[in-house]
Amino acid sequence: MTDTLDRAPAPEEQAPRPGPVSRLLGHQLLWPVVAIVVMLVIDVIAVPSFLDLRVQDGHLYGNPVDIVRNSAPVMLVALGMTLVIATRGIDLSVGAVAAIAAAVACTRIVESADEGAASAAILACTTALAACVLLGVWNGFLVSVVGIQPIIATLVLMVAGRGLAMLVTDGQITTPSNDAFSGLATGFVLGLPIAFLIALGMVVLTAVLTRRTALGMLIEAVGINPDASRLAGVRARTITWTVYVFAAVCAGMAGLIIAANTNSVNANSLGLWIELDAILAVVIGGTALTGGRFSLAGTVVGALLISTLVRTIPSIGIPSEANYLFKAFVVILVCLLQSPRARAALRVRGRRAASSKAVAA
Amino acid sequence: MTHTQERGVTELPNDRRPVVEMRDVSIAFGNVQALDRVSMRLLPGEIHALMGENGAGKSTLIKALTGVYSIDTGRIVVGGEEHEFATPAAAQAAGISTVYQEVNLVPNLTVAENMLLGREPRRFGGINMGAMNRRARATLERLGLDINPGSLLGHHPIAVQQLVAIARAVDVDARVVILDEPTSSLDAEEVQKLFDVMRRLREHGVAVLFVSHFLDQVYEIADRMTILRNGRLVEERMVAETSQLELVRLMIGRELEVLDRLDRDHGRAAPNSATPVLTAVGLGRKGSLEATDLTLFEGEVVGIAGLLGSGRTELARLLFGADTADHGGLEVRSTRRRLRSPRHAIDRKIAFSSEDRKAEGVIGDLTVADNMLLALQASRGWLRPIPSATRAKLVREYIQALDIRPTDPNALMRNLSGGNQQKVLLARWLITEPDVLILDEPTRGIDIGAKAQIQTMVADLAAKGMSVLFISAELEEVLRLSHRVVVMRDRRKIRELANEDVSVGDLLEIIAGETRQTELEGPA
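Going down the list, the protein sequences come from chains A and B.
All residue numbers for the first sequence refer to this note's numbering, where the first residue is -13 and numbers rise by one.
All residue numbers for the second sequence refer to this note's numbering, where the first residue is 53 and numbers rise by one.
Pulled out of the complex, with its shape left as it was, chain A reads as follows (with noise of 0.2 angstroms):
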């Protein structure tokens, strides 16, 4: 019976209801959730106060807060990538995105009768995102409509939307002061980050729409089989359209709190490689490149994995000329982890170990 069990498993198999462990075991998330806690106590190891929470005026500071604030950003892109991903699409554009509507918030602001006025922060940013929603109406017409490819089709934006910012700010780093605005990333509600609760809000209210209604299967349909969701009526490119034009928005919320945490847009620099981050959350949370199912809760893992890695780098003193080289092998760890073919090398050979281990015996 054993060497049934050995075997890689075949696609025709009827997977056995498995145990407790073994669901754990073979949970998609098991290894990200590994790289995180592992990072946490190398952090420990080399800072000991790594993990201490203070309270100060009723918020709280330290690491752990820090690693979950910066990730929100990220967060935020990763998300819209993820439904973008299901559909088999690709969004390059959304770092263009980020600084175009941290542009466009930002000189309204400084460009408002009353520069620090809370009302002026909130028209800022509801314009920036109605920009937002015509930047993704276009991703989404090239690719739905037009039919471009969706790598090519969003790379238009990608290279164009700097230069769009560029216009927006006149090439010049736009610095408003307004204390609503700042308040995006550096404020706290319930003692927490409200950038935070922000890229949470936005999860929870996309794992409602896609998971509550039927919106999610249709989505990962069209992903995985274009031509036959169309013949069973999936209106298809209203849904591939929506999703960049949700990409563009959760793009452009992210580019306000960018701004918002540096009081300042930098239309060159603001969210660059940012699209690489997000895509990098999803894949590591499971969603696989090709299309078709996904998980959001994985794209959580995947940008908070992100941002315990960019924070730990300093702490166990790589030294920032490496920073990218160590990014890439944390990458690259934790995807041979997860890839179905490693796992199912490791387990074999784990358990060859455990029965020369039991004949010893």
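Hints listed in this document are in silico derivations from the structure and should not be mistaken for laboratory results.
From a predicted model like this one, the values you see are computed outputs, not experimental measurements.
Be aware that a few hints might be false.
As the list claims (entries may be wrong) - Chain B is faced by these chain A residues, among others (derived, beta-carbon under 10 angstroms): (1) Thr199; (2) Ala200; (3) Glu206.
For each residue, glycine too, the CB sits at the ideal point set by N, CA and C.
Given the coordinates of chain A, work out where chain B should sit on it, guided by the hints.
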């Protein structure tokens, strides 16, 4: 213990030893015993048919032989040596080539590239395109196939892609060629072409393993056969010494009676209604279908007979709005309608099950339940999910009614056999309660049991008032089910006749040519 060994084994000619011998091979997937001590022998210079229903273990046996699955117990002897291939590549290196049921090639590479994928002739470290095209052309010519090796595979119809897949298998000097349902997407002429190729392989001493659901084809081409049922070996037989009836009985037993009863009871009585449900008036599309008139009445099964490329699929797609017509129009219940997309057709209670199950039906990574409910959910819109109680009830009902296996609604669609996938797709449409059901090749590549169930279901649905357009390459099937038969050729409808005393021969003559058709009409 060795009871399967001696029972039901044919005698071998003295001078030949099997090139492949599988002995008492068992494979289990979890709790499911897919193969239970099955033995099979393949002889050089013979065409060997592997027979059995879907789920009998044919595919598993082939995959065990070709190294896709590893076996739990038993032996595989190839060319006198015991082998267990770890990968399909290892099996291929040992001279065993496989052409699978569904074309598994790369559509955006050329025909030559597909044929030589993984063993391209090289020069200076790069691929020698000239040599590759020459070699591909030579192989194609040897098989009598007129296909340009430099053309993109994806630009060819499925039938041609299938032939390329076979040419690919032939290109390696294989000792064993396995053809898994190679004829399911070929028309009669192409089947003959394939059979010529197979005969040539036989003359060259190759062992050909042939899997097909078309019994006539097996009887035409195969020498010996191995019959499986429920993962066990039933018998090895000489084809010439086994009657078709006997074979079917060995394969299934009970379903045959269903077909018999269908023949007797159905009787193709005229439908009672004269209410037109769907009418095409001069419907056509440039390059795919000439202007066609057709009326479907309530409770009527209209069969379409015609070869691949005759316009039968094109007609179905226009009726469903999958393609848009550029001339003529449609009337749904006598009201003029324009169908711009499948969605419009579904809203008008028209359903269409495509001939290309894999590309246009199955959503492999979703569950059986999701696949079943997709069309209903799509027409409700994403904001109105089907309540979970209704979901469960519908899914349970249809899994039971159509005898879908496994019965687990959460099984992934891609893990089902072809016949079961087809039933799930039928359920997808039946759940939408359509007035018109268009079925394009609903029984292609599925076993006799599932076929009988689907045919019975079509007859029952029509009896309850549904209008069914039934397209099939199997003329017997068209005649068995249809009240009226439409014959198509060269992208147009050439005849429409009531199904009274029409024989397969009559249909073949109409399809074969119009000149002969006028002769036929003369005396009649």
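Hint by hint, here is what the structure shows:
For the restraint placing A/Thr199 at the interface with chain B, the shortest Cβ-Cβ distance is roughly 5 angstroms, inside the 10 angstroms limit, so the hint holds. With a cut of 10 angstroms, the hint placing A/Ala200 at the interface with chain B holds, because the nearest CB-to-CB distance is about 4 angstroms. With a least beta-carbon distance of about 6 angstroms to chain B, the hint placing A/Glu206 at the interface is held under the 10 angstroms criterion.
Checked against the numbered hints given earlier, the structure satisfies every one of them.
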